[in-house]
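**Student:** What follows is each chain in one-letter form.
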Amino acid sequence: MEVAISVRGLKKTYKTYSRGQGVKSAFVSLFKREFKINEALKGINFDIKKGEIIGLIGPNGAGKSTTIKVMCGILHPTEGKVDALGYTPWKQRVEYAMNFGVVFGQKSQLEWDLPPNDTYHLIKVLYDIPEKTFERRLKQMVKLLQVDEQYLRPTRDLSLGERMKCEVIAALLHQPKIVFLDEPTIGMDVVAKKRLHGFIKKINQEFGITFIVTTHDMSDIEKLCERIIIINNGDIVYDGLLKELSKTHLKKKLIEVKFSEKTRVRLPKRCLLISRTPYVLKFEVPVKGDKMDKFVADLITDYPVVDITISDPDIEEIIRDIYEK
Amino acid sequence: MTFLRKVLGIGRWQYGFEVAYRFNRIVWASSLPIILLATYFLWTSIYAYSGQTIINGMTLNELIVYYLAVQITIMFSASMVDAHIPRLVKKGLLIRYIVKPFNFVLFWFIRSVWRSLFRTFAVLLPLFALAFVIIDFSSITFNIPGYMLSVILALFLNFFYIFSVAMICFWVKEYEGIRVIRRGVANVFNGAIIPLTFFPLVFQKAFSYLPFQYMLYVPIQILLGKYSYEQSITMMLIQLMWIIVFALISIFAWKKAQAQFMGVGV
Chain A
0 MEVAISVRGL KKTYKTYSRG QGVKSAFVSL FKREFKINEA LKGINFDIKK GEIIGLIGPN
60 GAGKSTTIKV MCGILHPTEG KVDALGYTPW KQRVEYAMNF GVVFGQKSQL EWDLPPNDTY
120 HLIKVLYDIP EKTFERRLKQ MVKLLQVDEQ YLRPTRDLSL GERMKCEVIA ALLHQPKIVF
180 LDEPTIGMDV VAKKRLHGFI KKINQEFGIT FIVTTHDMSD IEKLCERIII INNGDIVYDG
240 LLKELSKTHL KKKLIEVKFS EKTRVRLPKR CLLISRTPYV LKFEVPVKGD KMDKFVADLI
300 TDYPVVDITI SDPDIEEIIR DIYEK
Chain B
0 MTFLRKVLGI GRWQYGFEVA YRFNRIVWAS SLPIILLATY FLWTSIYAYS GQTIINGMTL
60 NELIVYYLAV QITIMFSASM VDAHIPRLVK KGLLIRYIVK PFNFVLFWFI RSVWRSLFRT
120 FAVLLPLFAL AFVIIDFSSI TFNIPGYMLS VILALFLNFF YIFSVAMICF WVKEYEGIRV
180 IRRGVANVFN GAIIPLTFFP LVFQKAFSYL PFQYMLYVPI QILLGKYSYE QSITMMLIQL
240 MWIIVFALIS IFAWKKAQAQ FMGVGV
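Chains as they are written, first to last, in numbering that gives the first Met the number 0: chain A, 0 to 324; chain B, 0 to 265.
Hints should not be assumed to be uniformly reliable.
Think about it this way: if two alpha-carbon atoms lie no more than 30 Å apart in a straight line, the pair counts; the simulated DSSO-like pairs of lysine-lysine are [unchecked claim]:
1. B:K255 to A:K176
2. A:K142 to B:K99
3. B:K5 to A:K31
4. B:K90 to A:K90
5. B:K172 to A:K106
6. B:K99 to A:K49
7. A:K10 to B:K90
8. A:K176 to B:K99
9. B:K204 to A:K106
10. B:K5 to A:K131
11. A:K31 to B:K90
Think of the hints as simulated: they come from the structure by calculation, not from any bench.
Given the sequences, and given the hints that come with them, work out the whole structure.
**Tutor:** In structure tokens:
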């Protein structure tokens, strides 16, 4: 499949100033300021194929927003190359902008004092969208996302969830080839989230639009993305399929055992107790290679077990483990 | 054709801002005649007290026309870019405009012109309603075509000058102090507070080497017929020269500023 975005050796360093507390340090900082060089990105490499929905995740301050901002042409990197649809984002800003859309959950694209509809009309002329096409797309999208009344009200009067839906429309009206979604479901209820997930999948399949999603909400990732990139401390720590993540990074299984009579089991040291009642025992057991821990097999033969459930920890937990490493 | 569609589209969008807070706009529009009236009373008593009919080459009537022209010219040619861009930079909201497929400097210029047109249109009626009561227009020969040309040049000059200064906000983060100084300096040196003929000759000479008087004072002098035909042409050529200087600075500064932008808080 064709590559939409290719990133090679991307580095970004920031200079941040700091000063201590109190009048003295405030005075000193007037003449001599202390600064620190922060490495937001330490030379990352990845490719995104056309038509993919990819999840870019990482803890706070990991560098994912910096990556998105460089890919949008907002930030100039310190080093490295980005080829997005043949453009260098920060050098060919105007030409490249025609081809992508972006939603920043924290920074509205919509003007606070104006109804989203006014911004949509500005988008129409700036992106050269023919009048009829514009009307058709707008009608379709406001209906699909259920904001057919809200988009005519000033943005300041909308709820966060309604505003986010209107933001998504603003990013998609010109039918871009790439869409960056940074925290797109912020402030949305579960129904609205589900609707947005469906909407993104639909237009991804219909028009082959590439989506790059960053979020802290794992349900977005699980519903939308096949492939994820995990960034931590400015480095990529995982780049692969979501379902492969549990295979490669799964270090434990969750075991729940039910007994037919009151039973007390002594857990070996390598197992971690989660909860215990006379009839039910829950614990974690480490995974080594392909074999299940011998203790689990012994448990079935040695105790009056009526039921046993073996499950993987949820994706959020696996990712948390990776973050904490 | 598509460019014209874009210009009109930006105008329609800007109009939304103008009517977003109607009450505020009406209060603001009615404040201008009040200021003009106060100026009228102030200068009437100064002329009466001095016992002269002409001060620094201007009659009372001419001076009031001068202040009326100051208000209209500022309304038409001033730009708001250094009130808007620094705020957007500080809050990280400038990304809205950076991700749009349009030349950034041109976008803000078009927006600025539309804003000037809407606001000038909004204040003309209340201002002239008062002006016809306190001013005798028949005693002055106006050079309206000359003024129109010069005021359009002033519009360009103001925009590029203010845009150039506004670019400082990418480095200093908090720009408000610079804006206050920028406006204060301009208002003294461009003749908005008092006509430049009221300054000593040395100052007047010095002002002619600075860009400020070409943003306001010069178009008004042309309107009031203070310059000969040749002088007017020379003045407009100087305006054009300053436009080129600040347009080049604007484009260069914007190039440098983009690399500085952090897009905070995203």
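**Student:** Run the distance test for K31 of chain A versus K90 of chain B: straight-line Cα separation, threshold 30 Å.
**Tutor:** Holds, at about 26 Å.
**Student:** Between K5 of chain B and K131 of chain A, is the straight-line Cα distance small enough, at 30 Å or below?
**Tutor:** 16 Å, holds
**Student:** With a cut-off of 30 Å on the C-alpha distance, tell me whether K172 of chain B and K106 of chain A pass.
**Tutor:** Holds - the C-alpha atoms of K106 of chain A and K172 of chain B are around 18 Å apart, at most 30 Å.
**Student:** Holds or violated: K99 of chain B and K49 of chain A, Cα atoms, limit 30 Å.
**Tutor:** 22 Å, holds
**Student:** Does K99 of chain B lie within 30 Å of K176 of chain A when you go C-alpha to C-alpha?
**Tutor:** Holds, at about 15 Å.
**Student:** Just to be careful, I want the Cα atoms of K5 of chain B and K31 of chain A compared with a cutoff of 30 Å; is the pair within it?
**Tutor:** 48 Å, violated
**Student:** Does the alpha-carbon distance linking K10 of chain A and K90 of chain B stay inside the 30 Å limit?
**Tutor:** The given pair, whose Cα atoms are some 24 Å apart, holds under the 30 Å limit.
**Student:** For the pair we were handed, K255 of chain B and K176 of chain A, check the Cα-Cα distance against 30 Å.
**Tutor:** 29 Å, holds
**Student:** Given the hinted pair K90 of chain B and K90 of chain A, is their Cα-Cα distance within 30 Å?
**Tutor:** 24 Å, holds
**Student:** Quick one, are K142 of chain A and K99 of chain B close enough, alpha carbons at most 30 Å?
**Tutor:** 25 Å, holds
**Student:** Taken at face value, is the distance from the CA of K106 of chain A to the CA of K204 of chain B at most 30 Å?
**Tutor:** Not satisfied, since the Cα-Cα distance of roughly 49 Å exceeds 30 Å.
Hint check: violations occur at hints 3 and 9; the rest are consistent with the structure.
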